[in-house]
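S.K.: For reference, the chains in residue letters:
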Amino acid sequence: MKNFRHSSSAGKGYLTVLHTLTLRRKAKIHEIVKICGLDQSEVETALRRGTSDGTVKSTGDGDSVITSRGRELLDDVYPRMYNRMRADPAVAAAYDEFEAGVNRRLLRLVTQWQTVDINGRQVANDHSDLDYDMKILDQLDALHQRVTRVLQPLAKHESRVERCLDRLGEALFRAGQGETEYVSGPRVASYHSLWFELHEDVLRMLGKTRQE
Amino acid sequence: MQAIGLRVPPWFVITTSACAAYFDYGERLPLGLEAELQEGVRRLEVWSDRSIADLARPLLLSVRSGAAVSMPGMMDTVTNLGMNAEVEGALAEETGNPTFAAEVHRRFSAGFGRLVLGSTKELDGIKSVADIHRVLQKDTRSTVPSDVWSQLHQAIGAVFASSRSRRATAYRRYHNIVDDLGTSVTVQAMVFGNLDDRSGTGVIFSRDPATGRREPYGEFIHRGQGEDLVSGRITPQPLEYLARKQPEVYEDLLTAASLLEADGRDAQDVEFTVQSGTLFLLQARPAKRTARAAVRIAVDLVHEGTITPTEALNRVTAEQVRSLLRPTVETATIERADILATGTSACPGAATGIAVANPEQAQGRPDTILVRPFTSPDDIEDMTAARAVVTEQGGATSHAAVVCRALDIPCVVGCGTGATMTLIGRPITVDATNGNIYDGAIATRRLTETDDNDLHLLTQWAQERAPLIVVGTDDTELFEEPVFDADKTAALATADEEPPPIPPGARTVKGAIFSSIKGLTAALKANVRVVSTPHRLPTLLNAIAADNARSDNRM
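Taken in order, these protein sequences are the chains called A and B. Be aware that the first sequence starts at 3, since it is given in our numbering, and climbs by one per residue. Be aware that the second sequence starts at 1243, since it is given in our numbering, and climbs by one per residue.
Don't read these hints as lab results, they were simulated from the structure. Where a beta carbon is used, it is the ideal one built from N, C-alpha and C, also for glycine. Errors might be hidden in some of the hints.
As the list claims (entries may be wrong) - One side only, chain B facing chain A, incomplete, derived with CB under 8 Å: (1) 1451; (2) 1531; (3) 1565; (4) 1568; (5) 1569; (6) 1622; (7) 1639; (8) 1641; (9) 1645; (10) 1647; (11) 1667.
Claimed, not checked - The calculated BS3-like cross-link candidates involving lysine-lysine, where the alpha carbons are at most 27 Å apart (straight line), are: (12) 1369/B with 137/A; (13) 137/A with 1767/B; (14) 158/A with 137/A; (15) 30/A with 1760/B; (16) 14/A with 59/A; (17) 137/A with 1487/B.
What the hints assert, rightly or not - Some chain A residues well away from chain B (every beta-carbon gap over 10 Å; in silico): (18) 14; (19) 33; (20) 43; (21) 47; (22) 59; (23) 62; (24) 78; (25) 81; (26) 99; (27) 128; (28) 150; (29) 212; (30) 214.
I would like the entire structure built from these sequences, with the hints used as guidance.
M.R.: Listed below in structure tokens is the structure:
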């Protein structure tokens, strides 16, 4: 992979786009732009390079997919790409707090959103009890403020983290306005879906494995 | 509740005009409110023969929003207000139970800290009041006042302020509620379920919340307070315990539940406290119930003449009906089947298919079951296409569980390392309701709307009242031409997705997307006459809801 050893800042855009493609099975250009914040033209350049390098494949529908070659390239490059982040003790502390505290709490809250306890049994929440739902949204609000604070050391190194936190905030706002699918709906940019992606992003940047 | 002759701990209300004055006054308690408070507290003292901050027989209060309709963002109830170190000592002496007194003081401090001072720290686990105060000082730079009247003023201010919380404001905006009416405040005398041996706290459901049968169901914590039930730290007794120990109280309770059910015209969840052998009702509201119970209760109430069929249809949601129509595994067959793996049920249901670990293995088969060590965001598409999902890692709160519940796909998580290797490539049956994975394809049972009496009736009533005709997917002889089949054109529709554009002039539409409110709204706009979906009742319920929403919007 001689190209990347001589990579300039243009190379960083290429790697960012490849990394972004690991967060989704496939993605269209505007989706990649939304996640990583690069210009459309930068994304297009990166994808063209990826196609010629064999690290990116396009499907018929205008989606791009990362190939196994692309994944190998990233695995090779991650330590160098994120070396400053990985060496920063504030980041390590932030990651621990994220995994041990914040992430678990998020999953518990979303589970409470999705199921209610009736007579000892867990049953799907049909969202007819506004009070119940709103209490959870209040707690999600508090959690969102907390995670924004906790991930600041990472956001300092990588602007994509800040972008994702903003998008999480938007999802929460929409959920609060009555669009209940924005809590955990898997087909929209819901709070849980974005969180899942952010978590994956952080794991990859820091070279950790997912512990469920 | 008092209106129907039930005993409720005395209370008084601070009206919404005081709330308006509070905001006009720069968020300070208005003049005149003090006199109103003194008068109200005085009445509670006379009734209870206890007094605020008294060292012989102290009176404690609860403070909550008095809004008739629950609005989001409203504060939770502050309980046990009126506590401080002296009162704790007094209560300990009066009851001969210092542990009880300390616990009441602890609860008050934690609750006040969270609700009035706005602390976000976890206060419930902290054992001593002194430690709670320390944490609060650090977190909020303020403390719980020991002066009882200050406590009361601050709690009332907090309730007023919560009516303008971000969430309450957003709620009004979203629902186009222009007038900010503020909130009233209810101040009520606390009764103690933990006072003595003839005291306790409990909840009674006027009908069984799991089955919907007309049998009372409930729990009781002897010598406990309301928070004990809610927190789950103490295991309650079944209500039969109360029936044995205090039969007259139990009879009173059954009568109360009956009256409340008749008054509310629905199954009720009633919170109560017994203090020294006297029953007090605290709160009654429509009971939470399972889908099965919802259907049963709605139909029973019509048969009993309490509600009309139209009202019954409002008491059951499409989601509840769908959950009843999910396939389950035949119990006779599973006794003979081999269990290959077990885990935690993350989303109920059952499915059979071939276990695959990735889409390449699936090779376009429609009957795949995704089996993985864990799932990551790029698996979501595969999960959508699978009939069920099985993971090695994780519990009911894992990402895989969350996604599957949102997609309503049967899911079993936490089967342990090696499950993938065991299952890959084999035909299996996932019983996600019980968390078992069986070898081979086992027959699954499916309840239909026709073979269940209650569902059959609801379907009949719903069709009589629906704005269009709903038929099953096989009832092609009832279609009216021209027919638009969305299943052929749109891929993988769910309730979140926008329906495809309906060709003008189409009289029948077919497809799962048309069971959703969005799909039905589009169908109604397009003047479609017949809708064909796999199940009829959920679609009928949503059609009625979509029609009502359209009329509301037009008004």
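S.K.: Does each hint fit the structure? Answer for all of them.
M.R.: Evaluation of the provided hints:
1. For residue 1451/B, the suggested interface contact is upheld, since its CB lies about 5 Å from the closest CB of chain A, less than 8 Å.
2. Annotation: residue 1531/B was flagged as interfacial toward chain A, and the flag holds, the nearest CB pair being 6 Å apart, inside 8 Å.
3. Among the interface hints, the one on residue 1565/B holds; its C-beta lies about 6 Å from the nearest C-beta in chain A, closer than the 8 Å criterion.
4. Using the Cβ-Cβ criterion of 8 Å, the hint placing residue 1568/B at the interface with chain A is not satisfied: the shortest such distance is roughly 10 Å.
5. Below 8 Å, beta-carbon pairs count as interface contacts, and residue 1569/B has none with chain A, the closest being about 16 Å; its hint is therefore violated.
6. The interface hint given for residue 1622/B holds, since its Cβ lies 5 Å from the closest Cβ of chain A, which is under the 8 Å cut-off.
7. The interface hint given for residue 1639/B holds, since its Cβ lies 4 Å from the closest Cβ of chain A, which is under the 8 Å cut-off.
8. At about 5 Å, the closest approach between the beta carbon of residue 1641/B and any beta carbon in chain A falls short of 8 Å, and the interface hint on this residue holds.
9. Taken as an interface hint, residue 1645/B checks out: its beta carbon lies about 5 Å from the nearest beta carbon of chain A, inside 8 Å.
10. With its C-beta approaching chain A no nearer than about 5 Å, residue 1647/B sits inside the 8 Å limit, and its interface hint holds.
11. For residue 1667/B, the interface hint is violated, since its Cβ never comes within 8 Å of a Cβ in chain A; the closest pair sits about 22 Å apart.
12. Restraint check for residue 1369/B and residue 137/A: the C-alpha separation of about 25 Å stays at or below 27 Å, so the hint holds.
13. Taken as a hint, the residue 137/A and residue 1767/B pair is broken in the structure, with Cα atoms around 35 Å apart against an allowance of 27 Å.
14. A hinted pair counts as satisfied when its Cα atoms are at most 27 Å apart, and residue 158/A with residue 137/A does not qualify at roughly 32 Å.
15. Between residue 30/A and residue 1760/B, the direct Cα distance comes to roughly 25 Å. Compliance with the 27 Å bound is thereby established for this hinted pair.
16. Of the pairs offered as hints, the one joining residue 14/A and residue 59/A holds, with about 19 Å between alpha carbons and a cut-off of 27 Å not exceeded.
17. For the proposed pair residue 137/A and residue 1487/B, the alpha carbon gap of about 37 Å is over 27 Å, so the pair is violated.
18. The non-interface label for residue 14/A is consistent with chain B: the shortest C-beta to C-beta separation is roughly 22 Å, beyond 10 Å.
19. Look at residue 33/A: its CB is around 12 Å from the nearest CB on chain B, clear of 10 Å, so calling it non-interface holds up.
20. The Cβ of residue 43/A lies farther than 10 Å from every Cβ of chain B, with a closest approach of about 25 Å, so its non-interface assignment holds.
21. Chain B leaves residue 47/A outside its interface by the beta-carbon criterion, the shortest separation being 23 Å against a cut-off of 10 Å.
22. The Cβ of residue 59/A sits about 14 Å from the closest Cβ of chain B, beyond the 10 Å cut-off, so the non-interface label holds.
23. With a closest Cβ-Cβ approach of about 14 Å to chain B, residue 62/A is found to remain outside the 10 Å limit, as its non-interface label requires.
24. No beta-carbon of chain B is positioned within 10 Å of the beta-carbon of residue 78/A; the least distance is around 20 Å.
25. Non-interface call for residue 81/A relative to chain B: holds, since the shortest CB-CB distance, roughly 20 Å, exceeds 10 Å.
26. Against the 10 Å criterion, residue 99/A stays outside the reach of chain B, whose nearest CB is about 14 Å from its own CB.
27. At the 10 Å boundary, the C-beta of residue 128/A falls inside the reach of chain B, the nearest C-beta of that chain being 5 Å off.
28. Against chain B, the non-interface label of residue 150/A holds: every CB pair exceeds 10 Å, the least being about 14 Å.
29. Residue placement check: residue 212/A does not keep its beta carbon more than 10 Å from all beta carbons of chain B (closest about 6 Å).
30. Taking the minimum C-beta to C-beta distance to chain B, about 3 Å, the non-interface status of residue 214/A is violated against the 10 Å cut.
Hints 4, 5, 11, 13, 14, 17, 27, 29, 30 from the earlier list are contradicted by this structure; the remaining hints agree with it.
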